[in-house]
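Enquirer: Given only the sequences and the hints, what does the whole structure look like? Please build it.
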Amino acid sequence: MIQRMFKDIKDQFPIFKNKTNGKDLVYLDSANSSQKPQSVIDAVSNFYSNEFANVGRGIYSLAVNASEKYELTRTNLKSFVGASDDYEIVFTKNATESLNLVATCFAEKFIKDGDEIILTELEHHANYVPWHFLRKRKNVVIKFLPIDEQGDLKVEELEKLITPKTKIISVTHMSNVTGSITPLEEIVAIAKKHNIPVSVDGTQGAAHLDLDIKKIDCDFYSFSGHKMYGPTGVGLLAIKYKWLNDFDPFIGGGGMIDYVSKKDIAYARGVWKMEAGTMPTAEVVALNESINFINKLEKKNIIKHELDLTQLALEKLKTNNSVKVLTSPKNQGGVFSFNIDKIHSHDVSTILDQEGIAVRGGHHCCQILHDVLNVNSSVRVSFGVYNDENDIDALCEGIKKCQKIFEKK
Amino acid sequence: MSVKTLYQDLILDHSSNPKNNKKLGFFNRNAEAHNPLCGDRTHVFIKLSENNIIEEISFMGEGCAICIASNSIMTEVLKQKSEKSAFLLINSFSKFVEKGDESALSSIIESERTKLSSFISVAKFPMRMKCVTLPWIAAESALHNKLKKIKA
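As given, the protein sequences belong to chains A and B, one line each in that order. Take the first sequence: its position 245, counted from the start at 1, is 229 in my numbering, and no numbers get skipped. In my numbering, each residue carries its 1-based index in the second sequence increased by 172.
No lab work stands behind these hints: they were computed from the structure. One should not assume that every hint holds.
To be verified - Here are the simulated lysine-lysine pairs, DSSO-like style, with alpha carbons at most 27 Å apart:
| no. | chain 1 | residue 1 | chain 2 | residue 2 |
| --- | --- | --- | --- | --- |
| 1 | B | K194 | A | K326 |
| 2 | B | K256 | A | K326 |
| 3 | A | K53 | A | K93 |
| 4 | A | K326 | B | K219 |
| 5 | A | K384 | B | K195 |
| 6 | B | K176 | A | K326 |
| 7 | B | K296 | A | K388 |
| 8 | A | K176 | A | K122 |
| 9 | A | K284 | A | K314 |
| 10 | A | K308 | B | K176 |
| 11 | B | K195 | A | K326 |
| 12 | A | K198 | A | K326 |
| 13 | B | K194 | A | K1 |
| 14 | B | K191 | A | K388 |
| 15 | A | K326 | B | K253 |
| 16 | A | K3 | B | K296 |
| 17 | B | K194 | A | K385 |
Fair warning: this is a prediction, and the values are worked out from it, not measured in the lab.
Expert: Right under this line is the structure:
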């Protein structure tokens, strides 16, 4: 029985007041992006209506207050991710940009031709393509830590992949396809023995998993605002403080300089050198409300809620012999993917959509994982705080409807 | 728009028992197309005679019911067409699918028009447009005899 701890929570999300294809919306795509509570929407509107000025520049009251709000989000994010003063938070466009920055502005400086990078078979394209760019530019070798039959990473094989040429390890916090949770502390412990920095794609982790980056002890943690009930257009990169000076700015312009002359330029200190030009200010300010939203519900309750839903869904789907769940990870978050016998994931998605159910069909930007699992595509279900048992029942009914349409063949 | 109008019997029949779903023993034109959004792919093989008639056409690929049915119906319809009328047909079909306008098929004989018009509802499902057009893109590039990759 799912605890009714989040009873009536849908009321806080205006999107659920609308019908989709004439049906109540059953939103099962939070791994893609989460819906927004009214408090976050109001925060964007309120900032533009009452508090707007560009930040970090003007010295009039409006600008000072706006700057304080912008920095307040940064401060609160630090405690949200469990970072002490050992880390700094940089605002980016999204987790993808954060991961690109780690590859381009940090790793590339230390990487020579023939050096090696370790990723995993679980990675989203966002944590592969930036490293592929590097492979193209510097002739780097990319190695993939494999998964076992359950879909969990074979961490015990990491040591074998490491050589003196390994310069960085970049891993996901949780698979956006199977929900397999990475044992990050184990990976970091192995990496530390060899002095290899670890970058984490926390896109799926930040809003859904216990997060204490100081405990994880990773060097970089990338995540996105829009996946944590916050606005689009703002991503985050937590950088271990000791690397901040080694991190080059990627975009140059206003706001990121210390001193400019005709002969030379000195960059701003700390995170400011990474935030050139006017940033997504209203989004950063509103992101603070999404942190408040999550904190108010409490992470431990969110984790339990989503895990209970996942277990219930998997149990119910087990009774349908035509449904094949891709993997059964030992340590799983609120995401899983499946296929229905002889029905393609895109057909399933279209039919479910007509029932008001939003799922993702395709390879979910994880072609390597789908290749490894030997499936062309899959249907993904991912949970958020607003989901409940009724959503799972709707999913099960929707699946039966897919089967009914196709059994006529 | 009911989902049943998308999954018409003819489409379901062709997707479960696709015609010409093999690699030709002899072919002199071929091309692949894929949809990066979902990973679906199709490979079309054509045997074009010396006087530019499509003597044989087949496909291999992975895809959803709409894509497989489109592949299957396409091979049926394009078989024995001249290269020139195949291009015209491909063009008409693509206009028909994109606009959901059956008049684009008016010059096509009735038996073929019936098959092709079963895709009429796809215009109401824009996210599924590529599923129908993918095989036709592959056939068009096969006739041009070049490898063409599409972008979603």
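Enquirer: Run the distance test for A/K53 versus A/K93: straight-line Cα separation, threshold 27 Å.
Expert: With Cα atoms ~34 Å apart, A/K53 and A/K93 exceed 27 Å; violated.
Enquirer: Does the structure keep B/K194 and A/K326 at a Cα separation of 27 Å or less?
Expert: Distance of about 19 Å is within 27 Å: holds.
Enquirer: Does A/K314 lie within 27 Å of A/K284 when you go C-alpha to C-alpha?
Expert: The given pair, whose Cα atoms are some 19 Å apart, holds under the 27 Å limit.
Enquirer: Between B/K191 and A/K388, does the CA-CA distance stay at or below 27 Å?
Expert: 23 Å, holds
Enquirer: What's the verdict on B/K194 and A/K1, does the C-alpha distance respect the 27 Å limit or exceed it?
Expert: 49 Å, violated
Enquirer: CA of A/K3 to CA of B/K296, is that 27 Å or under?
Expert: Holds. A/K3 to B/K296 sits at ~18 Å (cutoff 27 Å).
Enquirer: Does the structure keep A/K384 and B/K195 at a Cα separation of 27 Å or less?
Expert: 35 Å, violated
Enquirer: Just to be careful, I want the Cα atoms of A/K326 and B/K253 compared with a cutoff of 27 Å; is the pair within it?
Expert: It is violated: about 32 Å lies between the C-alpha atoms, which goes past 27 Å.
Enquirer: Between the alpha carbons of B/K256 and A/K326, is the straight-line distance 27 Å or under?
Expert: 37 Å, violated
Enquirer: Next pair to validate is B/K176 with A/K326; report whether the Cα-Cα distance is within 27 Å.
Expert: Distance of about 18 Å is within 27 Å: holds.
Enquirer: Is the straight-line distance between the alpha-carbon of A/K198 and that of A/K326 27 Å or less?
Expert: Distance ~46 Å between A/K198 and A/K326 Cα, so the pair is violated.
Enquirer: Against the 27 Å threshold, does the CA-CA distance of B/K296 and A/K388 hold or violate the hint?
Expert: Measuring from Cα to Cα gives roughly 22 Å; hence the hint holds.
Figure legend: structure checked against the earlier numbered hints; hints not met, in rising order: 2, 3, 4, 5, 12, 13, 15 and 17.
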